[in-house]
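Respectively, the protein sequence lines represent chains A and B. For the first sequence, the positions run 1 to 333 when the numbering used here is used. For the second sequence, the positions run 1 to 333 when the numbering used here is used.
Don't read these hints as lab results, they were simulated from the structure. Please note: incorrect hints may appear among the correct ones.
Below, a sample of chain A positions facing chain B; criterion: calculated Cβ distance under 10 Å [unchecked claim]:
| hint | residue |
| --- | --- |
| 1 | Arg149 |
| 2 | Glu170 |
| 3 | Asn194 |
| 4 | Ala231 |
| 5 | Lys284 |
| 6 | Asn303 |
We treat Cβ as the ideally placed atom computed from N, Cα and C, and that holds for glycine.
Chain residues, written in single-letter form:
There are 2 protein chains.
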Amino acid sequence: MSKYTVAVVGATGVVGQEIIKTLEQRKFPVKELVCLTSARSEGTRIEFNGKYSISRILDENSFEGVDYALFSAGGSISEKFAPIAVKAGAVVIDNTSHFRMDPSVPLVVPEVNAQAVKKHKGIIANPNCSTAQMVLALKPLHDAAKIKRVVISTYQSVSGAGKEAIKELESQTRHNLQGKPSEAKQFTKDIAFNVIPHIDVFEDNGYTKEEMKMILETQKILEDDTIKLTATTVRVPVFIGHSEALNVELSEELPIEKVRDLLRNMPGVVVMDNPSKNEYPTPKLLAGRDETFVGRIRKDISNPKAIDMWVVSDNLRKGAALNAVQIAEELIK
Amino acid sequence: MSKYTVAVVGATGVVGQEIIKTLEQRKFPVKELVCLTSARSEGTRIEFNGKYSISRILDENSFEGVDYALFSAGGSISEKFAPIAVKAGAVVIDNTSHFRMDPSVPLVVPEVNAQAVKKHKGIIANPNCSTAQMVLALKPLHDAAKIKRVVISTYQSVSGAGKEAIKELESQTRHNLQGKPSEAKQFTKDIAFNVIPHIDVFEDNGYTKEEMKMILETQKILEDDTIKLTATTVRVPVFIGHSEALNVELSEELPIEKVRDLLRNMPGVVVMDNPSKNEYPTPKLLAGRDETFVGRIRKDISNPKAIDMWVVSDNLRKGAALNAVQIAEELIK
Numbered sequence: 001m002s003k004y005t006v007a008v009v010g011a012t013g014v015v016g017q018e019i020i021k022t023l024e025q026r027k028f029p030v031k032e033l034v035c036l037t038s039a040r041s042e043g044t045r046i047e048f049n050g051k052y053s054i055s056r057i058l059d060e061n062s063f064e065g066v067d068y069a070l071f072s073a074g075g076s077i078s079e080k081f082a083p084i085a086v087k088a089g090a091v092v093i094d095n096t097s098h099f100r101m102d103p104s105v106p107l108v109v110p111e112v113n114a115q116a117v118k119k120h121k122g123i124i125a126n127p128n129c130s131t132a133q134m135v136l137a138l139k140p141l142h143d144a145a146k147i148k149r150v151v152i153s154t155y156q157s158v159s160g161a162g163k164e165a166i167k168e169l170e171s172q173t174r175h176n177l178q179g180k181p182s183e184a185k186q187f188t189k190d191i192a193f194n195v196i197p198h199i200d201v202f203e204d205n206g207y208t209k210e211e212m213k214m215i216l217e218t219q220k221i222l223e224d225d226t227i228k229l230t231a232t233t234v235r236v237p238v239f240i241g242h243s244e245a246l247n248v249e250l251s252e253e254l255p256i257e258k259v260r261d262l263l264r265n266m267p268g269v270v271v272m273d274n275p276s277k278n279e280y281p282t283p284k285l286l287a288g289r290d291e292t293f294v295g296r297i298r299k300d301i302s303n304p305k306a307i308d309m310w311v312v313s314d315n316l317r318k319g320a321a322l323n324a325v326q327i328a329e330e331l332i333k
Numbered sequence: 001m002s003k004y005t006v007a008v009v010g011a012t013g014v015v016g017q018e019i020i021k022t023l024e025q026r027k028f029p030v031k032e033l034v035c036l037t038s039a040r041s042e043g044t045r046i047e048f049n050g051k052y053s054i055s056r057i058l059d060e061n062s063f064e065g066v067d068y069a070l071f072s073a074g075g076s077i078s079e080k081f082a083p084i085a086v087k088a089g090a091v092v093i094d095n096t097s098h099f100r101m102d103p104s105v106p107l108v109v110p111e112v113n114a115q116a117v118k119k120h121k122g123i124i125a126n127p128n129c130s131t132a133q134m135v136l137a138l139k140p141l142h143d144a145a146k147i148k149r150v151v152i153s154t155y156q157s158v159s160g161a162g163k164e165a166i167k168e169l170e171s172q173t174r175h176n177l178q179g180k181p182s183e184a185k186q187f188t189k190d191i192a193f194n195v196i197p198h199i200d201v202f203e204d205n206g207y208t209k210e211e212m213k214m215i216l217e218t219q220k221i222l223e224d225d226t227i228k229l230t231a232t233t234v235r236v237p238v239f240i241g242h243s244e245a246l247n248v249e250l251s252e253e254l255p256i257e258k259v260r261d262l263l264r265n266m267p268g269v270v271v272m273d274n275p276s277k278n279e280y281p282t283p284k285l286l287a288g289r290d291e292t293f294v295g296r297i298r299k300d301i302s303n304p305k306a307i308d309m310w311v312v313s314d315n316l317r318k319g320a321a322l323n324a325v326q327i328a329e330e331l332i333k
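Okay, chain A solo, but in the shape it has when bound:
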């Protein structure tokens, strides 16, 4: 088996760290790991496969000899350096939103549209965390009875907003328990003991960019822009794990047991749905897991062709690092 030089851009960030862990756990054939960061984090020792790698400053010469470059350092970094990496001969797997809607860039969740990987021209995009887990649950239903419309409400953890956001939830919570007020820096409002219906920036149509990502990326990954979607994305005081309440209207009525079977047979999905035993997914108890968990599966009593369900996944794993590494695995198949 040949071995590859893999660069991780944003190697000390929450997702970068998770990518490195995932490369090791899944035994991706790494010859050399190149950890790239901003000047602020230069020189950080990063353990990988029992050895240490010292992070280097990302610059225009960082990608010489790199086979795969996994980017997770913000859209502007990807915008500038992904083309440089491609020119140097690397294939880029980009975890930011920058290239996702570019028609020449495949947007891939391997269990759903692995075939799209082949069309890449140097860059492959990793979807938004809340989109990745959702399309896993939508795909088998769409194949069986074409989805007409999805109404989405999310319950998204703070780790989706990065390391400082995790610290802010912790420190605000401590302050509040001591009866002290908290200061909001990473979010527009307090996140401790609160929920905030605002992720990413607002667009002119009243939706946030996060909501529009879920809508547009889903159409692109499922390769069907006739699917209608609406979303309300909400930040909740959970450290890791995104949850989603989905109402899915199909083009025909499916028996609920058929829906469960379709989901059970979907790679990457685990059906956890036994209300009589209080079995349904919750993020705290499933953080660290690779699978996407689906529960509360039921026929929508307001519409016989619709299904309600509850989808939970680790936003740092399937929502980011795991999916990126799975794309790299597709590339070396």
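Place chain B on chain A using the hints.
Frame of chain A, contents of chain B only:
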């Protein structure tokens, strides 16, 4: 102005305490306050209008001379004692779910269906907390362009589950911040840094009773059982204040400014909706307020006749105590 003898059943509970505070704040003409509790809480000193009332054990003779009895001590207590109170000459305002769907019992949110109060035969029901705030936001839209269907996802605070649940969120959170595991007693799973898609018991159709309450009570309060609804109700680690993401399909397309005006003109509702200034309601910052706040109002891009919005209210105030006292105010008008 005549003055009334008012009994509060469950006077030491979270809602009971809030009812007593609300009676005082709104200057309800109370001649005597009768605080009724279980044996466990007998003898508790409860301050009211600058004096103290000593709680007494609820029994079959508790309602002599009582004009209005506000119940908030669980369905089985209401089932047994509400008819006794009525027989003794009191009018019962019941905050439990026990009588809500009884066709002979009005279910009232005064801003929405005050006229229903007049039909009472001794008992008037207060709706479920998450229903009360929702119907305030739905009513003006339904009057303007008949609602066809609502898809509901809730973000409900722990105070809706009572005093012990509030303590559990606090103690679990403290434990977690000290790196200790937490034990779930009041909820089926940890609530600290988690979300739980399960409120009240499961029914055979896969919905929880909480979800079915929202569906059936809304039809009853809006006096229209052709409105279709589906709901996923979720507990979140917030102390006070319920939030709801609502997708409302109308029978005709309304301009979004018209929708905002309708909501602005609805008594009890405050529109808080200015995304460019990060203005939208969140529960932590609005706990203690009487109004129901609506933000994130936008045209659903998946359906031109539908509206997305975000509704937040203090579940102990409009969702319980305030609404109960408002019903009493209707009775003495």
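Right, here's what the structure says about each hint:
no.: 1; hint: Arg149; verdict: holds (5 Å)
no.: 2; hint: Glu170; verdict: holds (7 Å)
no.: 3; hint: Asn194; verdict: holds (4 Å)
no.: 4; hint: Ala231; verdict: holds (8 Å)
no.: 5; hint: Lys284; verdict: holds (4 Å)
no.: 6; hint: Asn303; verdict: holds (7 Å)
Going through the hint list in order, the structure satisfies each hint without exception.
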